[in-house]
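Residue 1 is where the sequence shown starts when you use the UniProt record's numbering, and the numbers rise one by one after that.
Don't read these hints as lab results, they were simulated from the structure.
Note that the Cβ used here is the ideal one computed from N, Cα and C, for glycine as well.
Take the hints with a grain of salt, since some may be wrong.
[Stated by the list, open to error] If you anchor each label on the Cβ, the simulated ranges turn out as follows:
| id | residue 1 | residue 2 | range |
| --- | --- | --- | --- |
| 1 | Lys807 | Asp572 | 44 to 54 Å |
| 2 | Glu148 | Asp449 | 53 to 63 Å |
| 3 | Thr291 | Lys1020 | 40 to 50 Å |
| 4 | Asp313 | Asp716 | 16 to 26 Å |
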Amino acid sequence: MTVTIDDRNKILRYWLIIEALTPQKADRENPKDRREPIYKINKKNGPMPWEFQHEHHQKPVVDNKKWIYTVQAGLYSVKKLFCDVLKKINANENETYLNELTDDTGRLYDVEVDADGQPIPDTFALSMAGWAVGLVLQHGIDALLKGEWSNLDGLPQPGDEANSYTGMPGFDRLEFALREELRERVRKLNNQGATKQWFDEFTALVVKNCELPPAMFPDTFQYMVKSRLVSNGNKKQQQNVQQSTNEQRLDQSNNDVQANSTSYKPQMAEDSLINSFYISDLKRMIDDKSTSGKAFKSYFIDSTEHEQNQKVDLRSIEGEMETVQLLQPKNFPTGTWPSSYPLVRSQQFAVNALWKQLNTSKGGLFAVNGPPGTGKTTLLRDIVASVIVERAKILAKCNNPEQFFGDSVKEVGYNYPYYPVSQLDHTIVVASSNNGAVENVTLELPKQDAIDSQFLNRTSYYKEIATDLLQSSSDQATKDITAWGLIAARLGKKANRQQFIYKVLDKASENINHPQHQALMQRLLDIQNGNHSPSISWKDAVNNFNEALQNEKKLRDSIIQKTKILDDFLKDWTLMRSDIAQFKKYKQQQLEISKKIKSLENDLEQLDSKMQQKEIDLSHHKKSKPNWFAVLKSLGKDYFRWLSLKKQIEKELHDIEEEIQTLKDKIKEIKTKEDFQKGLSLVKNRINLFKEYRKKISELNNCYGDFFTLRVGSIDTTSAELRSPWAIEEWRLSRIEVFLRALELHQAFIENATKPMRANLILVKHWLSGKVLSDQALKTALETLGLVVPVISTTFASFPRMFQGFKSSSIGWLLIDEAGQATPQEAAGAIWRSNRAVVVGDPLQLEPIVALPPIIVELIGKKFDVKEDWWPHLVSVQSLADRSMKYGTKITQLDGSEVWVGAPLRVHRRCDKPMFDISNRLSYNDMMVWGRKSSTIILPNSGWIDVHYSEHQHNGSHFIHQEGEMLIKLLMAMKKNNNTFNFNDIYIVSPFRDVARNIRTMIRDPSGLLMKNSIIIPYKRIGTVHTSQGKEATVVIFVLGSSSPNQIGAREWASSKPNLLNVAVSRAKERLYVIGDRSAWKVLKGFDIITNMLEALFLEDIDMIT
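Input sequences plus hints: build the corresponding full structure.
Here is the structure:
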């Protein structure tokens, strides 16, 4: 049972409050960084980094480059801020709670500054947390839900142009007014650089209008200024720089506003952390009065319901049989991805189970637990193929593609028509909080190596357009990247959407004689004008598709018929389980009956003894009958006394005889009702039947070998999990053929309906450009885009903006990746908009990052009467989705607790040993199965390099200089062992940011040993463990740091849960090197496992190499 609507809205309001109050932390000071030095300005009069007196001017400037700056202004104590909040919300035991707050540094606003020291007003971004705290302190926390309050005293008064885009109108008005005030103040600078005093005056104004207590701030305002080099003289680059923080926050382009409108629409950038992206969505969901979809309702399953619901543990015998049942050929989707290898058991089970559950008009939610390296992307590919085939089945029913569309409609306020699409609900949106995860899916799907090479010449689904888009999207060297088809596109933020419009829809043809190189709009226009022909006629495409469907069905039916005995077995197994349960019931009844009969027989025995005694008493009494003389003497009294006692004894004897008979009747009746033999007989019959099945199933197993799904004889878990169910090559190829013909059908549909498709693609352009459209127009735009590009992607941060007008359940398929990393409120709006949601992730990797102090999260939850099941620092999108799952398993954690995960993928193919063994033991209680070959790479074996802590070389930070030196020696050793090793294929990670920062500085030193030996580690390959989530490398070097005795707290934080260690270990495909003080870390939970399973690499061995 889902929570009530009232309770759900209470949870949504709670999440809204959390989002609004989350402080934006300032970056840490790092003046030595060569790429992006960060300076803390805390002196009364500066100077600022753009001023000549500042040390920043000693930094070298590359030709055609210049410095620009981001000022993080109004630094304040987060602890002081929330001390006031706690007092305002009247939390009990305030003093205890205050001690739990950490004293981080927050920032009140951001603004970009150009190379000349001129602030750029359009980049001004106010912290919502600053505004929200002022509101709470002045009007109480309940007023925050309305979001109307703003103090505009002394500021320019906003008009209608101050659109509400965050969901908090009061905040939007204040931010607009402060921006306009900043604009006026910058104008008065007369092209002079802004000084610290100038910033102090403006910051004081912001503090005043936010009505924040001065005690939050130091005596003199402080700033953190981030500097970075950008191209000099490139007009487009300068424009991008001016608006980089807020992604053209004040976009005045006609593409982003309604026709004849003079207002602008402020927009927030995805890479800007100054404010929440989700508040407007949360308010919309709270205010929505329509019936929510099944996916959204399933997202709000109460945990108590989770415990009460009947779950099927897939590692139990019942789960095994449910798995076999869902893996029957009849439950496979019609199409499959053209991979080199078929899905293994757990992957195919997840696909079949979710397809059976979600491929209905009602939709729903399905969760897949995907530990690292278990083929999550491979699984998602098959879902994509299945959805494309289902859409093709609908399209193939029409005789003429143009007749598929509704009559033309003109959108109010626009002068172009479109043709409604009402029969489709198949566009796939991939979303994640992790931008890397989004790219992993949508940039990998179109690449040629995503399909088996034998199929490359079988399909040409706009592959030239796809290649052009892919080359412009990838961060890699793009010249040699080729796509096989236009299967996916990365959208989300505005830059990606504009790039898509240009590359896919609008780009002019470079060679009109080669239409395959044209962008789609021109290509369709040429077909419409008769200059070119469609790639295939509609009739031929439909015939090809239907023929593929018929062939697939014929082969499937043949397998179903041949394996009917397995279907019969599964049905009888279910009956046998029922019979056994009944037999157990009979057996229990038999025990109870036996106990009862024994008790009755004991009673009967006692009555028999009692009756015998009474008979003796009666016999003796008869012998004591008085003679005539005694009767005469007593005048008959003796006789009457004797007679009375005789009658009494006879009555007692009669009563005992009746009681005995009653007991005998009861015993007889109970024995008559006894049907234990009946139950035993049923079970014996089933056993005999299963003896017959055993022979037939054994023959079936011999026939189908590794394709057979039922574990027979000595087949162990590993062997069973590595099998590919029913992957009979002829049938698998027929399913691939269905998918390829479905794509061909899509292209034929597009090119044989040029008029409505071109009109609707114009609608797509307007939607992606941010225009306001009706519900019908938005749905038509989405489904039209899905016809062309089946999979589109976005981050959760961009979701509210990209899908702003979409209503509940209007998106056909939502695929969420890395869901274990996302807070529950991040995905709520996406799930609310979706009819079907597939949630893929792992709650045992890195958990969501919640910037709000946990104690505040908890106290606000209690104030709003929201249970801890919904507190964002304790749950994730994945854990909420797992609650709703019927199919899953329980995994025992290191602390003994159990976690329920949905539909687990179990075959791990990424990591070599010992990394696999460590991760499997650490987080999955040895549930995973190793599915790769051992590495043959020439490098030192994986191991732990022990670096003992030395106090005299420690500067107090987490970074240990000796560990950095040992890292350099290790890299030199790797170079010596394998001179051809690609150092781009390495990750150097640490639990701590300052360790990562110091490592970057050390190993990228131009005069250092590594650079002299041409060992260059890319900047992005060095970072915290959190930055490597969702990625992999041949080698991972885990530099621990923090080995000082005084830093036990930091080590305990890093080991508080196994998640961080699991991620670090499972990034490494072939080698893992840990550098740190073994004795300091081995006593900690999780690290004791890695120290036991990872061999030591000795210092002298590394020293000898260098």
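Do the hints match the structure? See the list:
Checked against the hint of 44 to 54 Å, the C-beta distance between lysine 807 and aspartate 572 comes to roughly 48 Å, which is consistent with it. The given range of 53 to 63 Å is respected by glutamate 148 and aspartate 449, whose C-beta atoms sit roughly 54 Å from each other. With their beta carbons about 45 Å apart, threonine 291 and lysine 1020 fall inside the hinted range of 40 to 50 Å. As the Cβ distance of aspartate 313 to aspartate 716 is approximately 18 Å, the hint placing it in 16 to 26 Å holds.
Figure legend: structure checked against the earlier numbered hints; every hint is met.
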